[in-house]
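Q: In case you want the letters, here they are:
4 protein chains.
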Amino acid sequence: MEMQTMQTSPSTQIVNVGGFDIGGPQFTVIAGPCSIESYDQFLETAKGVKASGAHILRGGIWKMRTSSKAFQGLGSSSFDFIKAVCKETNMTLISEVTDARQIEEIYDMVSCFQVGSRNMHNYSLLKELGMQKKPVMLKRGFAALIEEWVKAAEYITAGGNPNVILCERGIRTFETATRNTLDINAVAFAKRNTHLPVIVDPSHAVGIRALVPDLAYAAAAVGADGIIVEVHPRPAEALSDGMQALTLNDFKVMMNKLERILTAVDKPLHKELVYAN
Amino acid sequence: MEMQTMQTSPSTQIVNVGGFDIGGPQFTVIAGPCSIESYDQFLETAKGVKASGAHILRGGIWKMRTSSKAFQGLGSSSFDFIKAVCKETNMTLISEVTDARQIEEIYDMVSCFQVGSRNMHNYSLLKELGMQKKPVMLKRGFAALIEEWVKAAEYITAGGNPNVILCERGIRTFETATRNTLDINAVAFAKRNTHLPVIVDPSHAVGIRALVPDLAYAAAAVGADGIIVEVHPRPAEALSDGMQALTLNDFKVMMNKLERILTAVDKPLHKELVYAN
Amino acid sequence: MEMQTMQTSPSTQIVNVGGFDIGGPQFTVIAGPCSIESYDQFLETAKGVKASGAHILRGGIWKMRTSSKAFQGLGSSSFDFIKAVCKETNMTLISEVTDARQIEEIYDMVSCFQVGSRNMHNYSLLKELGMQKKPVMLKRGFAALIEEWVKAAEYITAGGNPNVILCERGIRTFETATRNTLDINAVAFAKRNTHLPVIVDPSHAVGIRALVPDLAYAAAAVGADGIIVEVHPRPAEALSDGMQALTLNDFKVMMNKLERILTAVDKPLHKELVYAN
Amino acid sequence: MEMQTMQTSPSTQIVNVGGFDIGGPQFTVIAGPCSIESYDQFLETAKGVKASGAHILRGGIWKMRTSSKAFQGLGSSSFDFIKAVCKETNMTLISEVTDARQIEEIYDMVSCFQVGSRNMHNYSLLKELGMQKKPVMLKRGFAALIEEWVKAAEYITAGGNPNVILCERGIRTFETATRNTLDINAVAFAKRNTHLPVIVDPSHAVGIRALVPDLAYAAAAVGADGIIVEVHPRPAEALSDGMQALTLNDFKVMMNKLERILTAVDKPLHKELVYAN
Chain L
1 MEMQTMQTSP
11 STQIVNVGGF
21 DIGGPQFTVI
31 AGPCSIESYD
41 QFLETAKGVK
51 ASGAHILRGG
61 IWKMRTSSKA
71 FQGLGSSSFD
81 FIKAVCKETN
91 MTLISEVTDA
101 RQIEEIYDMV
111 SCFQVGSRNM
121 HNYSLLKELG
131 MQKKPVMLKR
141 GFAALIEEWV
151 KAAEYITAGG
161 NPNVILCERG
171 IRTFETATRN
181 TLDINAVAFA
191 KRNTHLPVIV
201 DPSHAVGIRA
211 LVPDLAYAAA
221 AVGADGIIVE
231 VHPRPAEALS
241 DGMQALTLND
251 FKVMMNKLER
261 ILTAVDKPLH
271 KELVYAN
Chain W
1 MEMQTMQTSP
11 STQIVNVGGF
21 DIGGPQFTVI
31 AGPCSIESYD
41 QFLETAKGVK
51 ASGAHILRGG
61 IWKMRTSSKA
71 FQGLGSSSFD
81 FIKAVCKETN
91 MTLISEVTDA
101 RQIEEIYDMV
111 SCFQVGSRNM
121 HNYSLLKELG
131 MQKKPVMLKR
141 GFAALIEEWV
151 KAAEYITAGG
161 NPNVILCERG
171 IRTFETATRN
181 TLDINAVAFA
191 KRNTHLPVIV
201 DPSHAVGIRA
211 LVPDLAYAAA
221 AVGADGIIVE
231 VHPRPAEALS
241 DGMQALTLND
251 FKVMMNKLER
261 ILTAVDKPLH
271 KELVYAN
Chain X
1 MEMQTMQTSP
11 STQIVNVGGF
21 DIGGPQFTVI
31 AGPCSIESYD
41 QFLETAKGVK
51 ASGAHILRGG
61 IWKMRTSSKA
71 FQGLGSSSFD
81 FIKAVCKETN
91 MTLISEVTDA
101 RQIEEIYDMV
111 SCFQVGSRNM
121 HNYSLLKELG
131 MQKKPVMLKR
141 GFAALIEEWV
151 KAAEYITAGG
161 NPNVILCERG
171 IRTFETATRN
181 TLDINAVAFA
191 KRNTHLPVIV
201 DPSHAVGIRA
211 LVPDLAYAAA
221 AVGADGIIVE
231 VHPRPAEALS
241 DGMQALTLND
251 FKVMMNKLER
261 ILTAVDKPLH
271 KELVYAN
Chain F
1 MEMQTMQTSP
11 STQIVNVGGF
21 DIGGPQFTVI
31 AGPCSIESYD
41 QFLETAKGVK
51 ASGAHILRGG
61 IWKMRTSSKA
71 FQGLGSSSFD
81 FIKAVCKETN
91 MTLISEVTDA
101 RQIEEIYDMV
111 SCFQVGSRNM
121 HNYSLLKELG
131 MQKKPVMLKR
141 GFAALIEEWV
151 KAAEYITAGG
161 NPNVILCERG
171 IRTFETATRN
181 TLDINAVAFA
191 KRNTHLPVIV
201 DPSHAVGIRA
211 LVPDLAYAAA
221 AVGADGIIVE
231 VHPRPAEALS
241 DGMQALTLND
251 FKVMMNKLER
261 ILTAVDKPLH
271 KELVYAN
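Protein chains in written order, with UniProt numbering: chain L, 1 to 277; chain W, 1 to 277; chain X, 1 to 277; chain F, 1 to 277.
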C-alpha cells in the first residue's frame, strides 16, 4: 500500500453527530434495529437502548437485499413515525441512503447519512454526499482495500464535506463459520494512518448474536471511536438480520462490560445529552 | 450454494445486441478502448478491431475510478463523435452506466448497457435497467458470490427486461501477481446452471497485456458465449488501464488463434453483419 | 510480485516422466483414482484411461484428510498389486508422499513424486525431494502466492534435482459454489515467467464432476503442458473425492474434445509408448 | 460449518505449560524473539520480557522460510545456550518443530511444542505430537477454516495427547496493508465452541510493530487465554521478522495497558512462579 496516498496524522477530524463528538476522547454507541419495521418496534428499541446508554439510533428505511424478493424496507411510509420516535426519545437517527435521490427525502430526519458496504464504490452517490452539510458514515466495502476505503472517503471530502466517519463492518474471506471477518487490523491501521474517526459494526462483522458483544469489547480495546450495533426487542421476529440482533437485555449486559473496558483504556462513554434534537 | 435458487437449465436466453445473437451457436467478440478519449482514438480502434473480426464496440464514457483525482471519462462532450464513429464503422456500442440518471442520456447511443463490477450491488440502478427495452451486460462484482451475481440479474429480469448477459471479469483473491483472478470455474458453472449467456472479460481479469490472449483462449474453450477485450492503438498513451490493453496487432494475432479454437469446439465466430445500426 | 525473483524465460525445463516429456511440444494426460482402493479398482481404471489415451497413472497411497477419522489410504499393503497393475498396463505411476520417510518406501514404484497442496510449505519434505533422482510434481498450496510456489520449487532445485513440474490445482477464495477456484491466470503467468512445466488438476480445482472436462479444455487452451485428472469406474463407491471423479466414459468423451482443442493450439497429445517401464 | 462436528462446550481443557495454566482464570503472556540468534540476544530478551511480566519464552530454532536462501535458524548449535538462558531466567521455552524428527531432539528443552501455520495440515507431524507427553500449541493455518483447525487439533488429541492450545495468528485475505488479517471472530468463535484454550499471536497477525499492542489489547478484550508476542532488543538487527518485533520498552508499555484491560475483564495476568523449571 502506498502510505503516501493516505493522511498519516492520527485521527484529528472530530465529527459531531446529534450532539456527540465522534473521534474525540469519548466513545459513541449507535444502536437500533436493522430495519425500522413499525412505530411500536422502533419506539421500544429506542427507549430500551437509550436506557442502557446508547447515544444515537440506527435503523434502515430502504434495505439493500441480495434477493429482489426479500423485504426492501418501509420507505417513505415510515417517515412520520420515525420523526415521532426521535422526538419522544430525544435521540437522532443515522440511516442509509442507497440512491442519490433519497438524500433530499430524509435530509431532515437524520443527523448522519450512512453509506452501506455495497455502495462504497458508488461514486455517484459519494459525490452527492460530498455536497451535503451533514456527516456521512462510510462503511467499508466488504472486499475493499483499506486504501480504496480511504479514497472513497476522499470522494466525499473533495466535494467540501469533511465530516466522514469510517466504519469497519467485516470483510469477505474464505471463512464461512462467521458471516464476515471483522478486520480488526484495519481499525488499528485506519486510526493510526488517517485523520478520520473509525467505528466498528460488530453485528455485520460476525453475524452471530452470541459473539457480537465479544467483538464490541475488542473494538473498544483496539482504539475505535465507537460502535454501531443491531438491537431488536424480539430478534426471532425481525424482518431482516434477526440472527445477529441483540435483545434489549443482551445490549444492557454488553454496555456494562463495555463501560469497564472503556474506563481501562481512558476512552469513556459519552454522557447523555439534555437536548439532542 | 442453494442450487434450487438458480435456474438449472442450460443457457437458453439468447440476447441480441446490435444484430448479433449472444448465447446461441456463435461466439461474439466485443472490443474497444477502456475509455473513449477522442474521435481519432476511438475511430482508429474501431476500424482496427473490426478489420480483425470484432462484432461490437466497447468504450467507457463515465469511468469508475478508485481515486477522485483520476480521469473520470469525457462524459457528454463525447456523444457526437461517438455516434459518428459507430455510423462510420457500421458498429454498435456497449457502454457502462454508473448512475440511473445516465440511462436516458445514452439510450440512443448504445445497443447494450453495461453494469460495472463495482455497481453489481447497486440495486437502484439494476431496477431502473429492468424497466428498459435494451439488453444489459452485468459484470460480476469482484467479490460477489455466483449466487449473488445471479440474484442481481434477477433484479433486472424481475422488472421485465429478460435480456441480461452475465460477464465474468475476475474476482479479488489473495494473489497479487495478477490484477484479479479470472474465475473460470464460474464461467463453466454459470453456463451449466443458469439460462443466461455468459461472456468473459480477460483484460480486467488478469490486467497484464501479455496474458490477455491466453485467457481469451481459455474462455473460448471453457464454453463462454463471447469475450469483451480492451484494445488501444497506443496503450502507453491510454488515459486508463493501459497496462492491460492489447495493441491492434496483438488483437489481430489473438483473433487468428481464437478462431482455430472456436472451430475445434464448434462455436464459430459470428460473421460480419451488413447492417448493424 | 518481484518479478526479478522468478526466472523470466519461457518454459525450457523438460521433465521426463515414465518416457513422456512434460514441458515440450506435446501434451500429457495423467489419470487415475483419487485413492488406490483395490487391485480390481486400480486395474480397471488403469486399463480404461489408457484405452482413451492417458499416458501416466495417478493414485493415492497415503491420503491427506482433514479429519483423522476419514479413510487414510491403503499404505504399504497395496504395494504389490500396484506394481502388478503398472506392469500389466505398461504404465508408470505418480503418487503423493506426505512424509519424508515415505520417499524410500515407494521409490521403485513411482516415476514421479507428488507433493500435495497441503505440503507445499513443508520445506523438510521439499529438501529431501531435492536430493532424489526422480522428478517431483509440486502442487500449489491452496493459499500460496505464485511467488511462494516458485520459491518452494527452488527448495527442490537448490538441492540438485532440476526436474520439477508445477501443478495448479485451485486456490481457496470466498466462492463456495465450487470446491476451489482454478487460478487459470496463474497457469498463464507461470508458463510465461518461469522455466518449469505447468500442469493443471481440474478435478480438485472445481470439485464438481460435470465441470471437470470444461476446465480441462480451458487448461489445454491457456497453454498448460498437461492435466492430472481423477477417474473412477464407479464414482459413487469411491472412498474419497467421488463427487469430482470422472467415469471411464466421461473421460473418453473428454479426451475426444481435448484432442481437437490441442490440435488447434499445436500442442498434440503424446503418442503411446511401446515400453514405459 | 457443521457445528455438530465441533465440541460445543465452552473452554474447559486447561493446559499447563511450565507451571502456568492456560485456559483457566488467568491470562498468559509468551514472549521472545522470532529466531534465537545468540546467547546474548536471547538472554537479554528473556530478562527484559520477564521483568515486564512475561511468563513463558518463545524463540525459533528451525525457521520456516519462504525462500531457501533466507536464514533457516541456528538449529542444534544453539541447544546448550538455550538451556542456559532458561535456567538463568527460571523460564521455560515454547518452540516450533518443523519435522517429526526434531521432536526428540528438543524434547528436554521445551515445555510446549509449537506447530507453525504452514504445518497445520502436516498430519504426519500432528500424529507424532499426539503421542508425546508435552503440550502442543497449534497455530491456525493461514488459510485454514476454523473447522479444519479444530480437526487438525483432533489429529493430536486422537493420539492420546489432550493438551492442545489453539493459536490464531492471522489469515490470508485480499488486504495487503497489513501482513495478515487477525481473525478476531475466530478467537471468539473458538472460545465459545470448542473446549480448548485459545491464544493470539498479534505479531504475525498484523506484521507492523506500531499496531501489535493495539491487537494484543483486542485479544485480551475478546476473551483470549493469552498472547504470544515477538520481542527483540534491537529489531532493526533481527535476522527475521524485525518489522513486527516489539522493543523491550514497547513490550513494557504494552504490558501496563494490557494489565488494566485484563483487570476490567476479570482475567488477570498470572503471577510470577517461584520455580518454573
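Keep in mind the hints are simulated off the structure, nothing from the lab. The reader is advised that the hints may include incorrect statements.
Which copy is meant is left open, because identical chains are indistinguishable; a pair holds if it fits in one copy or across any two.
Claimed, not checked - Straight-line alpha carbon distances no greater than 25 Å define the calculated DSS-like cross-link-like pairs of lysine-lysine that follow:
no., residue 1, residue 2
1, Lys50, Lys69
2, Lys134, Lys69
3, Lys267, Lys252
4, Lys83, Lys133
5, Lys133, Lys69
6, Lys50, Lys134
7, Lys257, Lys271
8, Lys127, Lys69
9, Lys257, Lys267
10, Lys87, Lys257
11, Lys83, Lys257
Q: Each hint should be assessed against the structure and marked as holding or not.
A: We went through each hint and held it up to the structure:
Proximity of Lys50 and Lys69 under a CA criterion of 25 Å is satisfied in neither setting, with 33 Å inside one chain copy and 42 Å between copies. Proximity of Lys134 to Lys69 under the C-alpha cut-off of 25 Å is restricted to the inter-copy arrangement: shortest distance 23 Å between copies versus 32 Å within a copy. When the C-alpha separation of Lys267 and Lys252 is checked against a cutoff of 25 Å, the pair qualifies both within a copy, at 19 Å, and between copies, at 21 Å. Only within a single protomer do Lys83 and Lys133 lie at most 25 Å apart by alpha-carbon distance; the minimum there is 20 Å, versus 40 Å between protomers.
Within a single copy, Lys133 and Lys69 get their C-alpha atoms only as close as 35 Å, which misses the 25 Å cut-off; across copies the closest is 22 Å, which meets it. Taking the shortest alpha-carbon separations for Lys50 and Lys134, only the intra-copy value of 23 Å comes in at or below 25 Å, while the best inter-copy value is 50 Å. In this assembly of identical chains, the alpha carbons of Lys257 and Lys271 lie at most 25 Å apart whether taken from the same copy (16 Å) or from different copies (24 Å). Taking the shortest alpha-carbon separations for Lys127 and Lys69, only the inter-copy value of 12 Å comes in at or below 25 Å, while the best intra-copy value is 30 Å.
Taking identical chains as interchangeable, the C-alpha atoms of Lys257 and Lys267 lie at most 25 Å apart whether they share a chain (14 Å) or sit on different chains (13 Å). Proximity of Lys87 and Lys257 under a CA criterion of 25 Å is satisfied in neither setting, with 29 Å inside one chain copy and 41 Å between copies. Taking the shortest alpha-carbon separations for Lys83 and Lys257, neither the intra-copy value of 31 Å nor the inter-copy value of 43 Å comes in at or below 25 Å.
Taken one by one, the earlier hints fail for this structure at numbers 1, 10 and 11, listed in ascending order.
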